[in-house]
Amino acid sequence: MKTLAFASRNTKEILRDPLNLAFGIGFPLAILFLLSIIQSNVPVSLFEIENLVPGIAVFGLSFISLFSGILIAKDRSTSFLMRLFSSPLTGANFILGYTLPLLPVAIVQSVICFIAAFFLGLQVSVNLLMVFVVLIPASILFIAIGLLAGSLLNDKQVGGICGALLTNLSAWLSGTWFDLNLVGGVFKQVAYALPFVHAVEASRAALVGNYAGIFPHIWWVIGYATVLLFLAIWAFNKKMKGE
Amino acid sequence: MIAIQTIDLEKRYKEKIAVNKLNLSIEQGELFSLLGVNGAGKTTTIKMLSCLSSPTSGDAILLGDSIVKNSFGVKEKIGVSPQETAVAPNLTVKENLTLIAELYGANKKDAAKKVDEMIESFRLSEVVKSKAKTLSGGWQRRLSIAMALISEPQILFLDEPTLGLDVIARRELWAVAKELKGKITIILTTHYLEEAEALSDRIGIMAKGELKAVGTAKELMASTSTQNFEDAFISFSTGGGISI
Numbered sequence: 001m002k003t004l005a006f007a008s009r010n011t012k013e014i015l016r017d018p019l020n021l022a023f024g025i026g027f028p029l030a031i032l033f034l035l036s037i038i039q040s041n042v043p044v045s046l047f048e049i050e051n052l053v054p055g056i057a058v059f060g061l062s063f064i065s066l067f068s069g070i071l072i073a074k075d076r077s078t079s080f081l082m083r084l085f086s087s088p089l090t091g092a093n094f095i096l097g098y099t100l101p102l103l104p105v106a107i108v109q110s111v112i113c114f115i116a117a118f119f120l121g122l123q124v125s126v127n128l129l130m131v132f133v134v135l136i137p138a139s140i141l142f143i144a145i146g147l148l149a150g151s152l153l154n155d156k157q158v159g160g161i162c163g164a165l166l167t168n169l170s171a172w173l174s175g176t177w178f179d180l181n182l183v184g185g186v187f188k189q190v191a192y193a194l195p196f197v198h199a200v201e202a203s204r205a206a207l208v209g210n211y212a213g214i215f216p217h218i219w220w221v222i223g224y225a226t227v228l229l230f231l232a233i234w235a236f237n238k239k240m241k242g243e
Numbered sequence: 001m002i003a004i005q006t007i008d009l010e011k012r013y014k015e016k017i018a019v020n021k022l023n024l025s026i027e028q029g030e031l032f033s034l035l036g037v038n039g040a041g042k043t044t045t046i047k048m049l050s051c052l053s054s055p056t057s058g059d060a061i062l063l064g065d066s067i068v069k070n071s072f073g074v075k076e077k078i079g080v081s082p083q084e085t086a087v088a089p090n091l092t093v094k095e096n097l098t099l100i101a102e103l104y105g106a107n108k109k110d111a112a113k114k115v116d117e118m119i120e121s122f123r124l125s126e127v128v129k130s131k132a133k134t135l136s137g138g139w140q141r142r143l144s145i146a147m148a149l150i151s152e153p154q155i156l157f158l159d160e161p162t163l164g165l166d167v168i169a170r171r172e173l174w175a176v177a178k179e180l181k182g183k184i185t186i187i188l189t190t191h192y193l194e195e196a197e198a199l200s201d202r203i204g205i206m207a208k209g210e211l212k213a214v215g216t217a218k219e220l221m222a223s224t225s226t227q228n229f230e231d232a233f234i235s236f237s238t239g240g241g242i243s244i
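As given, the protein sequences belong to chains A and B, one line each in that order. Just so you know, our numbering puts 183 at position 183 of the first sequence, and the rest follows in order with no gaps. Just so you know, our numbering puts 64 at position 64 of the second sequence, and the rest follows in order with no gaps.
Since the hints were derived computationally from the structure, they do not count as laboratory data. Since we're looking at a predicted model, the values are computed, not measured. Any given hint could turn out to be false.
[Said to hold, decoys possible] Cut-off 20 Å, straight-line C-alpha distance, at most; resulting in silico cross-link-like pairs (DMTMM-like, lysine to aspartate or glutamate):
#1 A:Lys74 x B:Glu95
#2 A:Lys2 x B:Asp59
#3 A:Lys156 x B:Glu76
#4 A:Lys241 x B:Glu152
#5 B:Lys133 x A:Asp17
#6 B:Lys94 x A:Asp17
#7 A:Lys2 x B:Glu120
#8 A:Lys241 x B:Glu120
#9 B:Lys131 x A:Asp17
#10 A:Lys2 x B:Glu10
#11 A:Lys241 x B:Glu95
#12 A:Lys12 x B:Glu95
#13 B:Lys129 x A:Asp17
#14 B:Lys133 x A:Asp155
#15 B:Lys109 x B:Glu95
#16 B:Lys183 x B:Glu120
#17 A:Lys239 x B:Glu84
#18 A:Lys241 x B:Glu10
#19 A:Lys74 x B:Glu84
#20 A:Lys2 x B:Glu152
#21 B:Lys108 x B:Glu152
Generate the whole structure from the sequences, applying the supplied hints.
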């Protein structure tokens with residue numbers, strides 16, 4: 001009951017902020033349409049919809065980090081969280097209360113992205129269900145990044161880290177805009193040491209029905225998500241204890 | 001009956017002592033003001049008593065529960081109205097109150113009843129559907145205190161409740177505090193000395209992490225042979241430490 005009450009509040013805070021909707025849904029859709037228009041006007045295969053839409057879906061999830069990070073950081077800076085810390089809520093109530101509302105938001109965001117892709121030529125198939133399953137650990141990964149950033153940084157810093165750095169990292173190092181093999185070298189090694197390209201490649205494999213190809217990429221995503229979630233819980237609990 | 005008893009309560013940040021072996025007892029139903037210049041240790045004390053910060057050593061017993069051994073039990077009995085306005089900005093006044101009632105365990109029906117009572121007590125009906133972020137400072141502060149009271153706490157911490165408010169809004173909050181006197185224990189921190197003088201049963205003055213004096217405003221003035229409370233406060237804050 002307490003967790004649900006807190007989760008309900010967090011859902012309202014996120015959905016009632018028009019900037020969240022504009023960036024979380026509008027921006028990825030705008031890029032999807034833009035790149036599709038570019039593809040239709042060039043003779044080479046740059047942004048085929050089957051390759052593009054999983055990347056855009058993962059890129060869109062990076063805004064979830066921004067939503068959650070800013071929400072927590074603002075709660076801290078306005079003393080709202082101080083009020084809640086003095087209430088009989090447990091650490092689990094807080095972590096679940098911040099995490100639960102964002103999962104459906106992330107899934108709805110991905111669904112909207114794929115619906116838009118249908119109008120751009122993506123074939124409807126049962127594989128889409130597997131894509132959404134694959135995107136769940138990716139969603140948790142980005143939620144955990146937001147929780148961690150919101151627990152450690154103020155809202156302006158979260159805006160810089162999650163709004164600028166993370167969205168760019170998840171865009172450039174995910175193999176969405178260009179094939180990482182074209183760059184190669186250290187750039188490719190760094191990209192494959194991070195989870196973003198693995199989230200995109202696992203989603204691409206799921207979309208074309210190559211379920212074996214989901215692995216080992218999904219393990220990278222689950223591994224990063226688990227570590228970051230534990231780090232976020234640790235950092236949040238430290239804040240709860242006033243340390 | 002004693003509501004708050006601190007026992008050698010201490011908070012250190014590396015070499016710096018923020019609160020030094022504080023021993024204080026506050027009666028149930030008392031309105032106790034904790035005064036001090038910036039850095040005196042009053043906010044650290046309030047944070048420890050409201051379980052927002054763990055003491056380095058010592059303890060405090062709030063209505064039978066230790067802040068060290070049973071902070072969860074303490075949290076069920078207290079309400080906190082922080083210095084900064086602590087409201088959910090995109091929620092309406094009614095939603096803010098409902099949220100806090102439910103976080104303290106009220107079911108939907110009980111929460112709705114308590115919300116209606118608070119709206120009436122704090123005369124919030126004209127802004128009940130407004131989002132908190134659209135309210136003026138005075139309304140936000142009033143909402144913040146209503147949120148601290150909706151859980152029916154036995155001990156209420158008011159940290160600088162009238163900071164930045166105009167004189168009318170301040171007097172309205174004084175009326176609220178006076179109405180609560182005797183019913184619940186209130187710990188007030190403020191920089192407005194006339195506020196402490198007008199509202200408090202007793203006043204504690206802290207300086208450099210130590211409690212320099214405790215007593216009524218009259219007792220504190222008498223012990224420093226001063227004609228007004230401000231002079232008494234300055235005397236204690238600048239080094240004339242006397243316990244009454």
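Hints and how they fare:
1. A:Lys74 x B:Glu95: Holds, at about 18 Å.
2. A:Lys2 x B:Asp59: Judged against 20 Å, a Cα distance of about 29 Å means the pair is violated.
3. A:Lys156 x B:Glu76: violated (33 Å)
4. A:Lys241 x B:Glu152: violated (24 Å)
5. B:Lys133 x A:Asp17: Since the Cα atoms of lysine 133 of chain B and aspartate 17 of chain A sit roughly 12 Å apart, the hinted pair holds (cutoff 20 Å).
6. B:Lys94 x A:Asp17: Holds, at about 19 Å.
7. A:Lys2 x B:Glu120: violated (25 Å)
8. A:Lys241 x B:Glu120: Status violated; Cα separation ~35 Å.
9. B:Lys131 x A:Asp17: Holds, because 12 Å separates the two Cα atoms, which is no more than 20 Å.
10. A:Lys2 x B:Glu10: violated (33 Å)
11. A:Lys241 x B:Glu95: Violated, at about 27 Å.
12. A:Lys12 x B:Glu95: holds (10 Å)
13. B:Lys129 x A:Asp17: holds (17 Å)
14. B:Lys133 x A:Asp155: holds (17 Å)
15. B:Lys109 x B:Glu95: holds (14 Å)
16. B:Lys183 x B:Glu120: holds (18 Å)
17. A:Lys239 x B:Glu84: Between lysine 239 of chain A and glutamate 84 of chain B the Cα gap is close to 18 Å, so the pair holds against 20 Å.
18. A:Lys241 x B:Glu10: holds (16 Å)
19. A:Lys74 x B:Glu84: holds (12 Å)
20. A:Lys2 x B:Glu152: Holds - the C-alpha atoms of glutamate 152 of chain B and lysine 2 of chain A are around 17 Å apart, at most 20 Å.
21. B:Lys108 x B:Glu152: At roughly 16 Å apart (the allowed maximum being 20 Å), glutamate 152 of chain B and lysine 108 of chain B satisfy the hint.
In summary, the numbered hints that this structure violates are 2, 3, 4, 7, 8, 10 and 11.
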